[in-house]
Amino acid sequence: MSAGRQSLAGWASVSPALLWTLVFFAAPFAAMAAVSLFPKDGGGFSLANYTQFFANPSYWRALTNSLEVTLIVTAVSILLAYPFAWILAFVVPERWQRLALMLAVLPFWTSYVVRSYSWLLVLAEKGAVNNALIHLGLLAEPIQLANTRAATVIGFVHFFVMLLTLTIFANLKQLSPNYRKAAADLGAGPIRSFIHVILPLTMPGIMVGAFLTFVLAIGDYITPQILGGNNELLMPQLIMMQIGRRGDFASASALSIILMAVVTVAYLLCARWLKIERA
Amino acid sequence: MLSFRLGRRLAGASFGILALYGASAANAADELNALVWCDHSDPNLLAPFEEANGVKVNVKEFEGTGAGLAIVEQSQPGDWDVMVIDSIDVRRGVDRGLFAELPEDKLPLGDLFPEVRMDDMTVIGGKRYGITEKFGYNTIGFNKSKVDAADMQSLSILTNDKYKGRVAIYDYYLPVIGLAAMSIGKKTADLTEADLPAIKEVLLKMKANAKAVTDVVSSQTALATGEADILVGGGEWVSAVIAKENPDLDFSVPDEGAVLWSQSLAMFKDSKNPDLALRFIQYVLSPEGQARLATSSCYWGMPANAKAALNDEQKAILRFAEQPEFLKRAQPYPAPSEELDKKMQDVWTEMLQAQ
Numbered sequence: 001m002s003a004g005r006q007s008l009a010g011w012a013s014v015s016p017a018l019l020w021t022l023v024f025f026a027a028p029f030a031a032m033a034a035v036s037l038f039p040k041d042g043g044g045f046s047l048a049n050y051t052q053f054f055a056n057p058s059y060w061r062a063l064t065n066s067l068e069v070t071l072i073v074t075a076v077s078i079l080l081a082y083p084f085a086w087i088l089a090f091v092v093p094e095r096w097q098r099l100a101l102m103l104a105v106l107p108f109w110t111s112y113v114v115r116s117y118s119w120l121l122v123l124a125e126k127g128a129v130n131n132a133l134i135h136l137g138l139l140a141e142p143i144q145l146a147n148t149r150a151a152t153v154i155g156f157v158h159f160f161v162m163l164l165t166l167t168i169f170a171n172l173k174q175l176s177p178n179y180r181k182a183a184a185d186l187g188a189g190p191i192r193s194f195i196h197v198i199l200p201l202t203m204p205g206i207m208v209g210a211f212l213t214f215v216l217a218i219g220d221y222i223t224p225q226i227l228g229g230n231n232e233l234l235m236p237q238l239i240m241m242q243i244g245r246r247g248d249f250a251s252a253s254a255l256s257i258i259l260m261a262v263v264t265v266a267y268l269l270c271a272r273w274l275k276i277e278r279a
Numbered sequence: 001m002l003s004f005r006l007g008r009r010l011a012g013a014s015f016g017i018l019a020l021y022g023a024s025a026a027n028a029a030d031e032l033n034a035l036v037w038c039d040h041s042d043p044n045l046l047a048p049f050e051e052a053n054g055v056k057v058n059v060k061e062f063e064g065t066g067a068g069l070a071i072v073e074q075s076q077p078g079d080w081d082v083m084v085i086d087s088i089d090v091r092r093g094v095d096r097g098l099f100a101e102l103p104e105d106k107l108p109l110g111d112l113f114p115e116v117r118m119d120d121m122t123v124i125g126g127k128r129y130g131i132t133e134k135f136g137y138n139t140i141g142f143n144k145s146k147v148d149a150a151d152m153q154s155l156s157i158l159t160n161d162k163y164k165g166r167v168a169i170y171d172y173y174l175p176v177i178g179l180a181a182m183s184i185g186k187k188t189a190d191l192t193e194a195d196l197p198a199i200k201e202v203l204l205k206m207k208a209n210a211k212a213v214t215d216v217v218s219s220q221t222a223l224a225t226g227e228a229d230i231l232v233g234g235g236e237w238v239s240a241v242i243a244k245e246n247p248d249l250d251f252s253v254p255d256e257g258a259v260l261w262s263q264s265l266a267m268f269k270d271s272k273n274p275d276l277a278l279r280f281i282q283y284v285l286s287p288e289g290q291a292r293l294a295t296s297s298c299y300w301g302m303p304a305n306a307k308a309a310l311n312d313e314q315k316a317i318l319r320f321a322e323q324p325e326f327l328k329r330a331q332p333y334p335a336p337s338e339e340l341d342k343k344m345q346d347v348w349t350e351m352l353q354a355q
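First to last, the protein sequences are chains G and Z. Here the first sequence is numbered in the working numbering, starting from 1 and rising by one per residue. Here the second sequence is numbered in the working numbering, starting from 1 and rising by one per residue.
Take every hint as true, because none was put in to throw you off.
In silico DSS-like pairs for lysine-lysine, Cα to Cα no more than 25 Å straight-line: (1) Z/Lys207 x G/Lys126; (2) Z/Lys146 x G/Lys126; (3) Z/Lys162 x G/Lys126; (4) Z/Lys144 x G/Lys126.
Anything over 12 Å on all C-beta distances counts as not near chain G; from chain Z, calculated: (5) Ala47; (6) Leu107; (7) Pro108; (8) Arg319.
No wet-lab data here; the hints were simulated from the structure. Glycine is no exception: its CB is placed at the ideal position from the N, C-alpha and C atoms.
Sequences are here, hints too, so could you generate the full structure?
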């Protein structure tokens with residue numbers, strides 16, 4: 001096959017994906033970028049929607065809040081998901097693994113909104129958590145759990161632990177048992193073997209899961225809106241606020257692009273790290 | 001140059017998809033397409049009209065005038081027949097050339113509570129474009145078994161720490177800013193940018209006492225579960241619908257007054273079923289329609305028509321008999337200019353971010 005024909009075949013095979021990306025990503029993104037440059041109050045082209053973000057501490061704070069919450073959620077989810085995935089991969093007998101995985105992802109089957117409202121009730125002053133802690137004698141009076149950042153983190157972690165468990169489990173299952181045996185032969189105990197052999201080899205699974213968690217959590221509106229009690233605003237809430245009554249799509253678009261820039265930086269860091277690991 | 005209007009059209013692509021979905025069954029002569037708030041989706045309200053006229057009412061719910069107008073702008077002319085809109089925002093629809101003049105002689109304007117006709121908002125250039133269908137108060141909602149009802153007669157309680165940690169604030173900046181303004185003796189109709197620093201101070205004090213700033217559902221949940229005992233900005237729209245399950249939920253109209261909310265019905269000028277649209281408006285404004293709308297399963301509110309066919313129990317829950325007194329003390333929703341609206345929203349954002 002000539003080089004020209006090969007090139008044509010290559011374009012033909014990627015064209016559906018390219019077309020999809022152009023129509024459903026590049027074009028809407030370009031439209032959003034254009035809209036963000038024409039503020040709602042008229043006056044033509046302006047960067048006012050962007051300068052407003054950097055000049056207004058309340059807006060800036062929404063971004064730092066989002067980053068803080070997302071990083072906490074990602075870290076906690078990894079810490080919980082890793083041992084869970086390990087147990088599923090190495091402790092649960094092979095024949096039960098499929099069932100165990102299905103049970104692990106069961107919460108995915110329920111509505112996201114319903115699940116968030118359920119957490120609101122569970123974490124309420126008269127909810128299951130406070131009642132349990134009081135009955136166990138750990139608390140004298142109920143504490144505020146609902147409508148806090150902690151509630152938002154709990155709601156997120158409940159969801160993303162499942163996602164991370166799946167990516168880490170898939171990575172662990174691909175590892176040959178010979179790695180652990182070789183490490184043991186060379187005198188490494190279980191902890192050393194895990195830290196120096198297994199953990200580095202499963203970092204791609206962790207990083208992919210962590211990136212997905214980061215992207216999905218930082219752009220999520222429902223969980224912080226329902227569980228956070230609006231005691232602080234995250235970026236998606238700030239974006240929605242621009243649209244609700246005022247219909248200020250220009251401002252909402254600018255904020256969305258800033259959020260997207262943050263996600264892009266996260267992706268570049270993640271991609272760079274994975275590249276270094278492969279090298 | 002890309003105009004702002006075109007820009008909005010581009011940005012609202014997602015709303016366009018929703019709009020197309022909502023209007024998929026549009027234009028049939030036996031169908032009415034209505035952009036509504038959730039209280040109009042109750043089959044108990046729609047069924048009698050549908051049966052009497054042999055038509056189907058397709059409803060699409062939205063929250064916030066901005067979101068509603070975005071749906072309209074992403075739709076084809078004629079896709080929608082009627083719209084529910086904040087009375088203060090009727091002008092926004094008229095400015096966009098969306099609404100048709102309503103024939104006053106075919107509407108029961110004489111039966112409406114005079115205070116809620118809102119002619120200054122619904123009559124523009126001498127023509128009526130909206131008619132108030134339901135109203136109520138953004139005031140103090142509370143659980144009377146948990147707080148002293150006498151305390152709820154003054155807005156000053158909202159900045160007092162007596163009930164610290166037992167308060168929720170309704171997450172809508174206009175009415176709560178209105179309440180904050182009234183608590184320091186300002187009139188909601190006269191607010192200017194110069195008033196905002198003082199209002200912000202009040203809002204920050206309210207926030208310091210509050211456990212959460214909640215949307216409609218969360219507000220109801222907070223009061224129903226005991227998570228909060230007081231709702232700033234609450235009123236019959238929160239307490240009445242769950243009054244049977246929790247008769248201790250109540251609202252006050254403090255001595256300083258309350259913010260009067262009202263929603264209107266408007267008809268689209270491009271409606272392909274204008275006769276049917278007008279019949280729908282007439283039905284909703286009729287005594288029967290008003291009773292059903294006032295007691296909708298989504299939220300209750302006072303019917304604009306004083307002749308609404310409510311039973312005694314319903315009237316008691318809505319405190320029908322006290323309305324003349326309440327209306328005397330009520331002040332209208334703040335209706336800021338575009339610029340002031342933005343500044344008010346920024347003050348609200350600051351309050352939400354305050355720790």
